[in-house]
Amino acid sequence: MMQPRFLNLGDRALTLEFGDTIDRQLVIAVAALDVRLTQEITAGRLAGVIETVPTFRSLTVIFDPLVLPRAVLQDRLMAVLSETETSAEQSSRRWCLPVCYGGEYGPDLESVAEAKDLTPEKVIDLHVSQNYLVYMIGFLPGFPFMGDVISALDMPRRTEPRVRVPAGSVAITGQQTAIYPWESPGGWQLLGRCPLTLFDAGRPQPALLAPGDRVAFHAVTGERYQELFELDQGGVLDFFQFLLEESSV
Amino acid sequence: MTSQLMLLSPGPLASIQDLGRFGYRRFGVPQSGVLHPDLARVANTLAENSEDIAVIEFFLTGPSFRLEKGIVRLAFAGDFTVELTRGRAKRTLRSWRTLTLEAGDTLQLGPVMSGKVGYVAVAGGFDLPSVMGSCATYMRGGFGGVSGSRLLPNTILPIAQEDLGDRPDRLLPRSPRSENLGLIPTSEDDLPTIIRVILGPQEEYFTDVALNDFLTGTYTVSRESDRMGSRLEGPILAHHPEKKPEIISDGIVPGAIQVPGNGAPIVLLMDGPTVGGYPKIATVITADLGKFAAMTPGNRLGFAAVTPYAAETILRAQRAELEDLLASIVSLELRNGVNIQAMYKTCLVSGVVDAFERPK
Numbered sequence: 001m002m003q004p005r006f007l008n009l010g011d012r013a014l015t016l017e018f019g020d021t022i023d024r025q026l027v028i029a030v031a032a033l034d035v036r037l038t039q040e041i042t043a044g045r046l047a048g049v050i051e052t053v054p055t056f057r058s059l060t061v062i063f064d065p066l067v068l069p070r071a072v073l074q075d076r077l078m079a080v081l082s083e084t085e086t087s088a089e090q091s092s093r094r095w096c097l098p099v100c101y102g103g104e105y106g107p108d109l110e111s112v113a114e115a116k117d118l119t120p121e122k123v124i125d126l127h128v129s130q131n132y133l134v135y136m137i138g139f140l141p142g143f144p145f146m147g148d149v150i151s152a153l154d155m156p157r158r159t160e161p162r163v164r165v166p167a168g169s170v171a172i173t174g175q176q177t178a179i180y181p182w183e184s185p186g187g188w189q190l191l192g193r194c195p196l197t198l199f200d201a202g203r204p205q206p207a208l209l210a211p212g213d214r215v216a217f218h219a220v221t222g223e224r225y226q227e228l229f230e231l232d233q234g235g236v237l238d239f240f241q242f243l244l245e246e247s248s249v
Numbered sequence: 250m251t252s253q254l255m256l257l258s259p260g261p262l263a264s265i266q267d268l269g270r271f272g273y274r275r276f277g278v279p280q281s282g283v284l285h286p287d288l289a290r291v292a293n294t295l296a297e298n299s300e301d302i303a304v305i306e307f308f309l310t311g312p313s314f315r316l317e318k319g320i321v322r323l324a325f326a327g328d329f330t331v332e333l334t335r336g337r338a339k340r341t342l343r344s345w346r347t348l349t350l351e352a353g354d355t356l357q358l359g360p361v362m363s364g365k366v367g368y369v370a371v372a373g374g375f376d377l378p379s380v381m382g383s384c385a386t387y388m389r390g391g392f393g394g395v396s397g398s399r400l401l402p403n404t405i406l407p408i409a410q411e412d413l414g415d416r417p418d419r420l421l422p423r424s425p426r427s428e429n430l431g432l433i434p435t436s437e438d439d440l441p442t443i444i445r446v447i448l449g450p451q452e453e454y455f456t457d458v459a460l461n462d463f464l465t466g467t468y469t470v471s472r473e474s475d476r477m478g479s480r481l482e483g484p485i486l487a488h489h490p491e492k493k494p495e496i497i498s499d500g501i502v503p504g505a506i507q508v509p510g511n512g513a514p515i516v517l518l519m520d521g522p523t524v525g526g527y528p529k530i531a532t533v534i535t536a537d538l539g540k541f542a543a544m545t546p547g548n549r550l551g552f553a554a555v556t557p558y559a560a561e562t563i564l565r566a567q568r569a570e571l572e573d574l575l576a577s578i579v580s581l582e583l584r585n586g587v588n589i590q591a592m593y594k595t596c597l598v599s600g601v602v603d604a605f606e607r608p609k
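Residue numbers (our numbering), protein chains in the order written: chain D, 1 to 249; chain Z, 250 to 609.
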C-alpha cells in the first residue's frame, strides 16, 4: 500500500501521514490501515497500543512507550503496512439524514444563494444531490467532517464566526459539510438543521456517524423536523430508518 | 453507615478526574483526566486506592469540606496546607498525607503554594457512573464526573463506602521536591523551568530562526490557560514563507504545541481537541507534561529538544523514582507507645502531632 511518513507526535504517539491534502484515496488508505491495526489490537497482537485516530490524511497511533517501546512499534507498523491492501472500500454504512433547510434553521441559506448567484431552492438541490463521505470525526465529540461539496457551493467561512451555532445545524465551507453535534461557536455557513442527536455519551456507540460512512441528506418540512425532533428528544426515535445500508467490511 | 461528605466550596473550576478516557478520540472525544497524573497517583496511593480511581482536581484556592455523618478518609497531594476543625479545636497539617474525618469535622485546604493544582482522593473512591470507560469530567461536553459539570458549592459528594477497619492514616515522610518528579514546580531560583519536547510533527512548517527562537527563548504561561490548553507569551514563531500557517487537520495529543497564524504557541492539554488544523512545532514529553500543566500564569519556561528514545529513558527513570517515593509512604501507628490515632481524637493542639509524626 501507499507508504506513509512517520511523524513524531511526542513520546506517546506517532502520526502516519499518507498525504497533506483532502483526497478520497488518502482517506481510503488511512481507513484500510486503521481497520488492520484495530484487528491486530483486538487480537491482542499490539499490546501497548492505546488507540488509533484516523483523520483526512493520517492515522495517529497512541501507545504506552513503557509497554511498547517506540522502536518495536515502528517495526510492527511497517510489517502491518506491508501486508495491508488499500483496494477494498472499508465502511459501507449509508445514511440518508433529514434536514429542514432555510428559515430559522438555515440562516445562511439566502446569503449563500446570493453569493453563488443561485436560488435558495437550487442551493438545497445541490446540497442534497451529493453523497458525502465522512472523512473524520473530531473537533467536538461526534462532529463529522464530510465531503465533497459540489464546487458551485464552495463558500469561505463566515468572516465573523457565530458565538452560538445551535446543535443539529447543517453547515458548509469549502468542499466540506458537517452537522454540529453540540451548540458551539462556529464559522461555517448554516443551511439547515438535522433533528437527530449526533452524539450521546449514554449510547453504546456515542457518535452516530463514523469515518468512512456515506451520508446523503433529504429535505423535510418544518413540521416533519419538529415531529422527528420531539421523538429524538423523547429517546424514541428509530435511527435505523435513516440507515439505508449496512454491510460488513 | 452511609457517610455524607459535603463539599462546601470547591474553588474555581474544580472537577472530578481520573486518568482519562481512552479509545474515543476517533469520535472526537478528548482524553480528559487529571492534568498531573503523577500527583493524582500519589493521592490515590496514600488513600490505598488503585491509581485509576477518580479524585478531586482543584486549582489555586483550596476547597473546604464538612463531614455530615459517618467516617471518611481523604488523601491530599500537592503543595498546600490542611486545616482541620474538630469541635472547638483547630489544627493545621501539611498535605502529602491522609486524614480520617469524623462526623462534624470541617476541613479547609489552603491555597496551592507552588504550582496551581492539587488533588484530594477519597479512600474507596467516588460512587459515580463511568461514561465511556471513565469518570473524568469533560465540562465542554457535559459528561463525566458529577453531572458533567465542574464541582459546585454545597454538594454532597457521592462517595463509595469503604470499611477502613483499623488501618491507620498514612503519609509521605517528606514533601517530594524532586526536580525529576516534577510533582511541585521548583522555582527557588529565577531560572525558567525546562520543559523537554520532541520536535514535530510539523517542524518543517517553521523557519530555522523560529525553531531556534523556540528552543532558546523564554516563554511565560499566560492567563489564558485551562484544562484545554495554555497560551504562551514569548518569541513569536514565524511559519515558513512557502507554507501556510494551517494544515489539513490531523491528530493531536495532550502536550502538542500548535502555532496558529499569529505565531504564539499554545500547548494543548487534557481537554484539548482530538484533531486540529494548525501546524505543531513540537510535543511536550510525558515526563514533563504534568509539571508544565501545573505551572501558574506568570511562570517562565524554556523548551529543550530530546529524541523519542531519550524521552522513553527519562520516563522510565521518572516512573522508577515515583515508585520509590510511593514505597516510602509510612503508616501513622503506635510510636513510642503513643497511639497517634487515639491522640487525634483527644489531643488536638496544633504542633503536637508533628512531633510524633516523624517516621523512623
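Hints listed in this document are in silico derivations from the structure and should not be mistaken for laboratory results.
Please read these numbers as outputs of a predicted model, since none were measured by experiment.
Among the hints, erroneous ones may be present.
Listed next, the stretches of chain D that the computed footprint assigns to chain Z, with coverage defined by at least 3 CB atoms under 8 Å from CB atoms of chain Z [unchecked claim]:
| no. | region |
| --- | --- |
| 1 | 6 to 15 |
| 2 | 41 to 55 |
| 3 | 97 to 107 |
| 4 | 116 to 127 |
| 5 | 135 to 141 |
Note that CB positions come from ideal geometry on N, CA and C, so glycine has one too.
(Q) Taking beta carbons only, do three or more residues of the region 97 to 107 of chain D come closer than 8 Å to chain Z? (A) Not satisfied, violated; 0 residues make the cut.
Q | Stated coverage of the region 6 to 15 of chain D by chain Z [criterion: 3+ residues, CB within 8 Å] | A | Answer holds; 8 residues pass the 8 Å Cβ test.
Q.
Three residues or more, CB to CB closer than 8 Å: is that satisfied between the region 41 to 55 of chain D and chain Z?
A. holds (count 6)
Q) Do three or more residues of the region 135 to 141 of chain D come closer than 8 Å to chain Z, measuring C-beta to C-beta? A) holds (count 6)
Q.
Between the region 116 to 127 of chain D and chain Z, are there enough contacts, at least three residues with CB-CB distance under 8 Å, for the coverage claim to hold?
A. violated (count 0)
In this structure, the earlier hints numbered 3, 4 are contradicted, and the remaining ones agree with it.
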